[in-house]
Amino acid sequence: MEKMYNVGKIVNTHGLMGEVRVISRTDFKEARYEPGSQLFLFRKNEKEPVTLIVKSHRTHKNFDLLTFEGYNGINQVENMKEGLLKVSEKDLDELEENAFYFHEIIGCTVYKTDGTELGKITEILTPGANDVWVVKQEKGKELLIPYIADVVKDVDVQKKEIVIEPMEGLLD
Numbered sequence: 001m002e003k004m005y006n007v008g009k010i011v012n013t014h015g016l017m018g019e020v021r022v023i024s025r026t027d028f029k030e031a032r033y034e035p036g037s038q039l040f041l042f043r044k045n046e047k048e049p050v051t052l053i054v055k056s057h058r059t060h061k062n063f064d065l066l067t068f069e070g071y072n073g074i075n076q077v078e079n080m081k082e083g084l085l086k087v088s089e090k091d092l093d094e095l096e097e098n099a100f101y102f103h104e105i106i107g108c109t110v111y112k113t114d115g116t117e118l119g120k121i122t123e124i125l126t127p128g129a130n131d132v133w134v135v136k137q138e139k140g141k142e143l144l145i146p147y148i149a150d151v152v153k154d155v156d157v158q159k160k161e162i163v164i165e166p167m168e169g170l171l172d
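According to my numbering, the sequence shown holds residues 1 to 172 in order.
Quick caveat, the hints were computed from the structure, so don't treat them as lab data.
Listed next, with one range per pair, are the computed distances between beta-carbon atoms:
#: 1; residue 1: GLY107; residue 2: PHE42; range: 18 to 26 angstroms
#: 2; residue 1: LYS81; residue 2: ILE53; range: 13 to 21 angstroms
#: 3; residue 1: ASN98; residue 2: ALA31; range: 15 to 23 angstroms
#: 4; residue 1: LYS136; residue 2: GLY73; range: 35 to 43 angstroms
#: 5; residue 1: ASP156; residue 2: GLU34; range: 30 to 38 angstroms
#: 6; residue 1: ALA149; residue 2: HIS60; range: 28 to 36 angstroms
#: 7; residue 1: ASN75; residue 2: GLN137; range: 39 to 47 angstroms
#: 8; residue 1: GLN158; residue 2: GLU117; range: 13 to 21 angstroms
In silico SDA-like cross-links for lysine to any residue, where the CA-CA straight-line distance does not exceed 25 angstroms:
#: 9; residue 1: LYS29; residue 2: ASP91
#: 10; residue 1: LYS61; residue 2: HIS14
#: 11; residue 1: LYS159; residue 2: GLU117
#: 12; residue 1: LYS55; residue 2: GLY73
#: 13; residue 1: LYS44; residue 2: ILE106
#: 14; residue 1: LYS153; residue 2: VAL134
#: 15; residue 1: LYS47; residue 2: GLY70
#: 16; residue 1: LYS3; residue 2: GLY107
#: 17; residue 1: LYS136; residue 2: ILE106
#: 18; residue 1: LYS136; residue 2: ASN6
#: 19; residue 1: LYS153; residue 2: LEU171
#: 20; residue 1: LYS9; residue 2: GLU142
#: 21; residue 1: LYS160; residue 2: SER24
#: 22; residue 1: LYS61; residue 2: GLY73
Heads up, the beta-carbon is just placed ideally off N, CA and C, and yes, glycines get one too.
Required output: the full structure, derived from the provided sequences and hints.
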């Protein structure tokens, strides 16, 4: 089976017409959730994924709401809760320079420009103007690193290493 990448998690149903509430893990929502797009649902305790075709997409509060072709009622989607939505590797698009997929960044080790290791990236937040990388330190609190040119100096996804120049107050 080809490699699959997580784009979201179904956390609940929404209404009675087969809509599901998704917490997204992709920064390409428009492309991933476009009607006609193919997603794979991985349910707990099941080995084989279910192929789904997106019928509709809209946002509501902090969630993405999706419906799928052939699933028209709450009873048909109730068992999708807690399932992961994934795309296959062949569905990944080429990115422009200095753009990265979340799966390429998560797990990278972050270093300061002086070589000091800060920790590993465990999560990416998308609060607004720029992404924020969550760095888990071996000891101490998590660091929040804004993905902006003034801070992030080098990203090597092959070596899984990132070099930053922390701005004043960032590591306090």
